[in-house]
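Given chain A, work out where chain B should sit, using these hints.
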Amino acid sequence: MKMQITSSDLKSALRRVASHSKNKRDELCAADAQLGDGDLGITVSEGFNACATLDLPEDIGTAFYEMAKTFQSVSSSSFGTLVATGLMAVAKETKGRTSLDSSEIAGLLSLARDAMLARGKSSLGEKTVLDGIDAQAKALQEGSSAALETAIAAAKDTVETFRDRKNQAGRARIFAEKSKGLPDPGQLALVVMTEGLR
Amino acid sequence: MKKILNDPQNYVDEMFDGLVAAHPEIYRAHAHRVIVRAGGKKPGKVGIVTGGGSGHLPVFTGYVGTGLLDGCAIGNVFACPSAEQMAETVRAVDAGAGVLCLYGNYGGDVMNFDMAAEMVDFEDSIRTTSHAVADDVVSASRDEAEKRRGVAGMIYAFKIAGAAAERMADLDEVTRLAAKASDNVVSMGMAMTPCIIPQLGKPSSTIADDEMEMGMGIHGEPGVWKGPIKSADDLLDEMFDTLQKDRPLTAGDRVSVLVNSLGATPLEELYILYRRLAARLAELRVTIVMPLVGRYATSMEMTGATLSILKLDDELEELLRAPANCAFWKV
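Chains A and B, in that order, are what the protein sequence lines are. Be aware that the first sequence starts at 1, since it is given in my numbering, and climbs by one per residue. Be aware that the second sequence starts at 1001, since it is given in my numbering, and climbs by one per residue.
One chain only, chain A, in its complex shape (with noise of 0.2 angstroms):
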């Protein structure tokens, strides 16, 4: 089923996004405050809430670009930037039309994913948000009629698969150890952001 996504879809999305983001905060938050500062939902949940608020333009490239910005300027954290690296990723490769087809977001994942990976100077298999782009992106590119719940349940498969590992990178490297057992709180965040979707 191919579907094209406009300015207008994407502040719809935008809006239960940031719905979605505020009823898990505190679940977030309390999922990081076990491995770091205990800031992810507020993160997340204000970073969103702000970009549902905004006028986003026609040009699909240029709203992304406004997501990206006004998520980084929400939050500084590592995470915020992170996601506005990726949104940035998409604005560059969308920049000048109006829509996008569902077709393509397997791909736009896939440059998100490469985007964040460089900046964040980390590689796949570290327990971060990043195996779950991964995987959504992998699942996707098989083609699927319901492409939301397969990037859900890919989203969802990687915490269950990385949560007995140990993480390797950003803050929570430092608790490698005791982050054994526990689910990445970066990658239960894409679990929020893409049931959010729905």
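Watch out, some of these pointers could steer you wrong.
Here are the simulated distance ranges between beta carbons [as the list claims (entries may be wrong)]: (1) A:Arg16 <-> B:Trp1225: 49 to 57 angstroms; (2) A:Gln4 <-> B:Pro1024: 49 to 57 angstroms; (3) B:Lys1003 <-> A:Asp157: 45 to 53 angstroms; (4) A:Glu104 <-> B:Glu1146: 30 to 38 angstroms; (5) B:Glu1146 <-> A:Thr6: 37 to 45 angstroms; (6) A:Asp114 <-> B:Lys1042: 36 to 44 angstroms; (7) A:Lys11 <-> B:Met1001: 45 to 53 angstroms; (8) A:Gly107 <-> B:Lys1042: 43 to 51 angstroms.
Straight-line Cα separation of at most 30 angstroms, DSS-like style, residue types lysine-lysine; simulated pairs [stated by the list, open to error]: (9) A:Lys121 <-> B:Lys1245; (10) A:Lys178 <-> B:Lys1226; (11) A:Lys156 <-> A:Lys22; (12) B:Lys1330 <-> B:Lys1003; (13) B:Lys1147 <-> A:Lys180.
Calculated directly from the structure, the hints in this document are not laboratory data. These figures come from a predicted structure and were not determined experimentally. Backbone N, C-alpha and C define an ideal beta-carbon position, used for all residues, glycine too.
Coordinates of chain B only, in the frame set by chain A:
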């Protein structure tokens, strides 16, 4: 906590206001926590911006001035400024020839400057280059020199790149010279008391009363050893020998040296260190050019000192000697 302040929340902003009020001929507040030269832009000149957390004056803000930097974005104490602040600084100083982002090698600062570069490229089509100074030799081995932290030696990169830009060198040339200065400077520090972030109100690390820490970073990052306090000559020797091992100097070399207080250490003690440094360099038959002794890169009220050595060639020496003027360094 014994600090002169009104409210920890306003620490950075009130410092910023005071700095601009004290030196209106040098600094101008451009936007929230963005400082630029008071004199405005020179058309066609490459801009140089820096940025980083507060708590290190004169680094970073202080080095905005003629023959030095054009603008600076500052964050809370030891916290990096936002990418938007950095992007705004780039926009403020761009005079049509592009902008070099020159700052210390810390993860958050690197990520945010990279993001800022993408923003000004996307939105304003301003060309930027960047260089992160990584001079602290104890923070990573020479094999992993790109992981080293940026400390006091970065002011030499500011000076040399700043002089080149003032002479209207183009962006690639200014960037090359910044990297060259940065590649030729090595630094090492030691601390005797930690510092206190105003909003925390207590030290983030501890050093016993009769102990010191060799190699401690400018945010209290762990060093190479903690132990009884050594004599000034022994301290200088250990730092000098470590730098010498990392980047050997030989007879006939010319260097500039910086003996820097991390905040609380008095000038007297810096000169006691300098005395030994001068003897060590004389013994090697290395010539000292324009030595700097004082508070050039601090860590709040930390007691301790850093030693930086910049190896010169004709090109670097000429640019080091070029005129410069900010509130903390005049050449």
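Results of checking the hints against the structure:
| no. | hint | in the structure |
| --- | --- | --- |
| 1 | A:Arg16 <-> B:Trp1225: 49 to 57 angstroms | 55 angstroms, holds |
| 2 | A:Gln4 <-> B:Pro1024: 49 to 57 angstroms | 56 angstroms, holds |
| 3 | B:Lys1003 <-> A:Asp157: 45 to 53 angstroms | 50 angstroms, holds |
| 4 | A:Glu104 <-> B:Glu1146: 30 to 38 angstroms | 35 angstroms, holds |
| 5 | B:Glu1146 <-> A:Thr6: 37 to 45 angstroms | 43 angstroms, holds |
| 6 | A:Asp114 <-> B:Lys1042: 36 to 44 angstroms | 39 angstroms, holds |
| 7 | A:Lys11 <-> B:Met1001: 45 to 53 angstroms | 47 angstroms, holds |
| 8 | A:Gly107 <-> B:Lys1042: 43 to 51 angstroms | 44 angstroms, holds |
| 9 | A:Lys121 <-> B:Lys1245 | 29 angstroms, holds |
| 10 | A:Lys178 <-> B:Lys1226 | 27 angstroms, holds |
| 11 | A:Lys156 <-> A:Lys22 | 19 angstroms, holds |
| 12 | B:Lys1330 <-> B:Lys1003 | 29 angstroms, holds |
| 13 | B:Lys1147 <-> A:Lys180 | 27 angstroms, holds |
Against the hints set out earlier in the document, no violation occurs for any number.
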